[in-house]
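Undergrad: Next come the chains, spelled out residue by residue.
Protein chains: 2
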Amino acid sequence: MNVEFINPFLSSLLKVLATMADTKLVPGTPSIKNGDVALGDVSGMIGMIGPQTKGSMSITFDEALALDIMQRMLGERPAKINDEVTDMVGEITNMVTGGAKNLLGDKGYEFDMATPVVVTGKGHHLSHKCQGKTLLMPFSSPAGKAHIEVSFDTL
Amino acid sequence: MNVEFINPFLSSLLKVLATMADTKLVPGTPSIKNGDVALGDVSGMIGMIGPQTKGSMSITFDEALALDIMQRMLGERPAKINDEVTDMVGEITNMVTGGAKNLLGDKGYEFDMATPVVVTGKGHHLSHKCQGKTLLMPFSSPAGKAHIEVSFDTL
Numbered sequence: 003m004n005v006e007f008i009n010p011f012l013s014s015l016l017k018v019l020a021t022m023a024d025t026k027l028v029p030g031t032p033s034i035k036n037g038d039v040a041l042g043d044v045s046g047m048i049g050m051i052g053p054q055t056k057g058s059m060s061i062t063f064d065e066a067l068a069l070d071i072m073q074r075m076l077g078e079r080p081a082k083i084n085d086e087v088t089d090m091v092g093e094i095t096n097m098v099t100g101g102a103k104n105l106l107g108d109k110g111y112e113f114d115m116a117t118p119v120v121v122t123g124k125g126h127h128l129s130h131k132c133q134g135k136t137l138l139m140p141f142s143s144p145a146g147k148a149h150i151e152v153s154f155d156t157l
Numbered sequence: 003m004n005v006e007f008i009n010p011f012l013s014s015l016l017k018v019l020a021t022m023a024d025t026k027l028v029p030g031t032p033s034i035k036n037g038d039v040a041l042g043d044v045s046g047m048i049g050m051i052g053p054q055t056k057g058s059m060s061i062t063f064d065e066a067l068a069l070d071i072m073q074r075m076l077g078e079r080p081a082k083i084n085d086e087v088t089d090m091v092g093e094i095t096n097m098v099t100g101g102a103k104n105l106l107g108d109k110g111y112e113f114d115m116a117t118p119v120v121v122t123g124k125g126h127h128l129s130h131k132c133q134g135k136t137l138l139m140p141f142s143s144p145a146g147k148a149h150i151e152v153s154f155d156t157l
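Heads up: the protein sequence lines correspond to chains D and W, in order.
Just so you know, the first sequence maps onto residues 3 to 157 in this note's numbering.
Just so you know, the second sequence maps onto residues 3 to 157 in this note's numbering.
Same shape as in the complex, but just chain D (with noise of 0.2 angstroms):
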């Protein structure tokens, strides 16, 4: 997989975060997840279809991070991850993946979003069941720290 797929949706996350909830995120370098352990705390997936593939993408935050943005984006900190903090992950999810869907769609690379689930739990872990390589975008903060996994089956 090219890592001309994964930037979409670093720069999609990037965007919908500064835009929404003034939140700046400092990207790290992208790398082929290998059975290296991501954790995090809450987490939004989607899959993805397309003419020429399908796939599968993740955002992950670390519970500190979840609650900066929600604190960000609606005036309120909850103390702990709730349901409007899933609600907004499952947002967050859907506006990264349109970002990235209509920059992709510029490339040539058509594809449909199913809906997202959220995960929650301590110290999760994602394993994309793709062909292809599960691409790994490491994000930080002040508030904590988050990633992008992307999975097509046949880029």
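Keep in mind that a hint or two might mislead.
Pairs count within a copy or across copies, as identical chains cannot be separated in the list.
Claimed, not checked - Computed list of lysine-lysine pairs in DSS-like fashion (alpha-carbon distance at most 25 angstroms, straight line):
#  : residue 1 : residue 2
1  : LYS82     : LYS35
2  : LYS35     : LYS124
3  : LYS124    : LYS82
4  : LYS124    : LYS147
5  : LYS124    : LYS103
6  : LYS135    : LYS109
7  : LYS26     : LYS103
8  : LYS82     : LYS103
9  : LYS109    : LYS147
10 : LYS135    : LYS147
11 : LYS82     : LYS109
12 : LYS135    : LYS26
The set of hints was computed from the structure by calculation and includes no laboratory data.
Starting from the structure of chain D, add chain W where the hints point.
TA: Relative to chain D, chain W alone:
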């Protein structure tokens, strides 16, 4: 959402586990998931997109049940959930959704499947972020519990 749309997933899971793993699950009573926490240790989830609707499906297993299915399918019981177990859960997710896709296709509801994502983490919790309600279908067995959650946008 009509229960007609969860029955194909139910029957497909029973068939896949009986055929592949000689495992008999006892279905409980389906319900609309409404904030009740349905916890599990390993879950496979997948996105679905069709001309009439889109949505997501998940299958969640207790760790003990997942390890028992692994032993019955491959003859070896890992000490804990590892990559082979998550591969197996991803495969079961594909097979169950593929079976349901065929059954729903016969009723005129066509959809394509994305690729599965498998979550591990003690007592994690899933939220399907659809416009529609989430149908929850519990299963029991001597080795542990499982449940399916299905949500579609417009059914």
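Undergrad: All hints are to be evaluated individually against the structure, with a verdict given for each.
TA: Consistency of the hints with the structure:
no.	hint	result
1	LYS82 / LYS35	between (29 angstroms within a copy, 21 angstroms between copies)
2	LYS35 / LYS124	both (20 angstroms within a copy, 22 angstroms between copies)
3	LYS124 / LYS82	both (11 angstroms within a copy, 18 angstroms between copies)
4	LYS124 / LYS147	both (14 angstroms within a copy, 21 angstroms between copies)
5	LYS124 / LYS103	neither (30 angstroms within a copy, 33 angstroms between copies)
6	LYS135 / LYS109	within (21 angstroms within a copy, 35 angstroms between copies)
7	LYS26 / LYS103	within (22 angstroms within a copy, 42 angstroms between copies)
8	LYS82 / LYS103	neither (31 angstroms within a copy, 37 angstroms between copies)
9	LYS109 / LYS147	neither (30 angstroms within a copy, 45 angstroms between copies)
10	LYS135 / LYS147	within (22 angstroms within a copy, 31 angstroms between copies)
11	LYS82 / LYS109	neither (40 angstroms within a copy, 43 angstroms between copies)
12	LYS135 / LYS26	neither (28 angstroms within a copy, 34 angstroms between copies)
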